[in-house]
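Residue numbers (the numbering used here), protein chains in the order written: chain A, 1 to 190; chain B, 1001 to 1176.
Read the hints as simulated data drawn from the structure, not as lab findings. Incorrect hints may appear among the rest.
Beyond 10 Å from chain B on every Cβ pair, some chain A residues (computed) [as the list claims (entries may be wrong)]:
| hint | residue |
| --- | --- |
| 1 | Thr16 |
| 2 | Arg42 |
| 3 | Trp43 |
| 4 | Lys49 |
| 5 | Gly50 |
| 6 | Phe66 |
| 7 | Arg82 |
| 8 | Arg84 |
| 9 | Ser109 |
| 10 | Ser115 |
| 11 | Glu118 |
| 12 | Lys141 |
| 13 | Gly148 |
Label-pair ranges, simulated between beta-carbon atoms [to be verified]:
| hint | chain 1 | residue 1 | chain 2 | residue 2 | range |
| --- | --- | --- | --- | --- | --- |
| 14 | A | Leu32 | B | Thr1156 | 55 to 61 Å |
| 15 | B | Arg1102 | A | Glu116 | 25 to 31 Å |
| 16 | B | Thr1043 | A | His167 | 16 to 22 Å |
| 17 | B | Glu1101 | A | Val107 | 25 to 31 Å |
| 18 | A | Arg14 | B | Leu1175 | 53 to 59 Å |
| 19 | B | Glu1105 | A | Thr117 | 31 to 37 Å |
| 20 | B | Trp1108 | A | Glu47 | 26 to 32 Å |
| 21 | B | Leu1091 | A | Glu47 | 38 to 44 Å |
| 22 | B | His1039 | A | Met188 | 51 to 57 Å |
| 23 | B | Asp1139 | A | Glu47 | 39 to 45 Å |
| 24 | B | Thr1043 | A | Glu55 | 45 to 51 Å |
| 25 | B | His1039 | A | Glu116 | 36 to 42 Å |
| 26 | A | Glu55 | B | Asp1138 | 47 to 53 Å |
Virtual Cβ for every residue (Gly too), placed ideally from N, Cα, C.
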Amino acid sequence: MTPADAPRDLTAARPTASVTELFLSFGMIGLLGFGGVGPWVRWLLVERKGWYSEEEFLSTFALANFIPGGNVVALATVAGSRLRGWSGSLAAVAGLCLPPGILVCGVGSLYLRYSETEIAQNMLGAMAAAGAGLIIGLAVKLVKPMRGSVRGLGMTAAVFGAAFLLHLPLTTILVVLAPVSLALALGMRS
Amino acid sequence: MGEDPVSLLVLKVAMLACVAVGGYITTVGDLQRFVVVEHGWLTAEMFVTLFAVAQAAPGPNFLVVTLLGWTLGGALGAFLVTCAAILPTTLMAYFLAEPWERYREARWRMVVARTIAPIAVGMMLATGAILTQSAWADDWRRLAITFATAIFFIFTRYNPLVPLAFAAILGALALV
């Protein structure tokens, strides 16, 4: 930020970052984040760079969780925009996705090349089973905060049944069940 | 080019990204049905394997769509499908960030969170169940790996790469 810009900025203490710094920072956590980047984003923004206070991060994280799509993509967008405007968003999201995207395509190519060999088939079959287990584990972890809420659990079960047993697509489920979920949420005492 | 897999996949992914409350992972079940059942571009086993490759590699976990784009349409396919996944989220985040901060004390924020949580978790469970079915292949040892991994993930705080690597080693030794 140039000094000439400073008077327009009402929250003068706000940190800024260059496009390059944003790209490299998010590129680094994109490559570090095995099994998900979420925890690393917090580490980068709050602990390593001090761009966000703990409280600011929690608030932004809540926003990122309700925007459709990946919460890390949303977090990178919001953080980039806060630190450098729209070009900052672009740099952060590109950094987050580009290096790991190239890497995953490389690994995928290796798989496609050797997929006929027995050892690759066995390895990847086993990893696929483990990958499914990770999703189930993550979902179970997310059920935990709702365990006291009959409405939350009932709603979760209804969505699961609609998607898995009735094979309904996500859009149909949203149109039918989101209003019900909203009504239940409105009825809850905080 | 109505039958071009890449353009169809781009459209599907962009649509799913717009409604993927709770993260891209909730749409993998839908994506699997689209790619495997409706269009037959990949077998169910190959889909779940690509998913596992994407999970095992570092990076955001929606990279499974990048890999699908790569498999069906090379570098251009990977790029377009990735953009289709990212763009709706990025645009929404960009324009919602400011109003979100302005109303930080409002009650509707909690109502929104409580509305979305069960839908997101229910969809994720369904995705897990669909992937388990695909990975199972009538082999009880695969099912055992799925459950062991889920238990591991629920009760420990280790890196998820640990069970994936363990499964890969068991597989390489032809034990599963």
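Status of each hint after checking the structure:
no.	hint	in the structure
1	Thr16	16 Å, holds
2	Arg42	14 Å, holds
3	Trp43	14 Å, holds
4	Lys49	18 Å, holds
5	Gly50	19 Å, holds
6	Phe66	5 Å, violated
7	Arg82	7 Å, violated
8	Arg84	12 Å, holds
9	Ser109	8 Å, violated
10	Ser115	8 Å, violated
11	Glu118	8 Å, violated
12	Lys141	6 Å, violated
13	Gly148	13 Å, holds
14	A:Leu32 with B:Thr1156: 55 to 61 Å	20 Å, violated
15	B:Arg1102 with A:Glu116: 25 to 31 Å	57 Å, violated
16	B:Thr1043 with A:His167: 16 to 22 Å	19 Å, holds
17	B:Glu1101 with A:Val107: 25 to 31 Å	39 Å, violated
18	A:Arg14 with B:Leu1175: 53 to 59 Å	55 Å, holds
19	B:Glu1105 with A:Thr117: 31 to 37 Å	59 Å, violated
20	B:Trp1108 with A:Glu47: 26 to 32 Å	31 Å, holds
21	B:Leu1091 with A:Glu47: 38 to 44 Å	29 Å, violated
22	B:His1039 with A:Met188: 51 to 57 Å	41 Å, violated
23	B:Asp1139 with A:Glu47: 39 to 45 Å	43 Å, holds
24	B:Thr1043 with A:Glu55: 45 to 51 Å	48 Å, holds
25	B:His1039 with A:Glu116: 36 to 42 Å	23 Å, violated
26	A:Glu55 with B:Asp1138: 47 to 53 Å	51 Å, holds
The structure fails to meet hints 6, 7, 9, 10, 11, 12, 14, 15, 17, 19, 21, 22, 25 from the earlier list, while all remaining hints are met.
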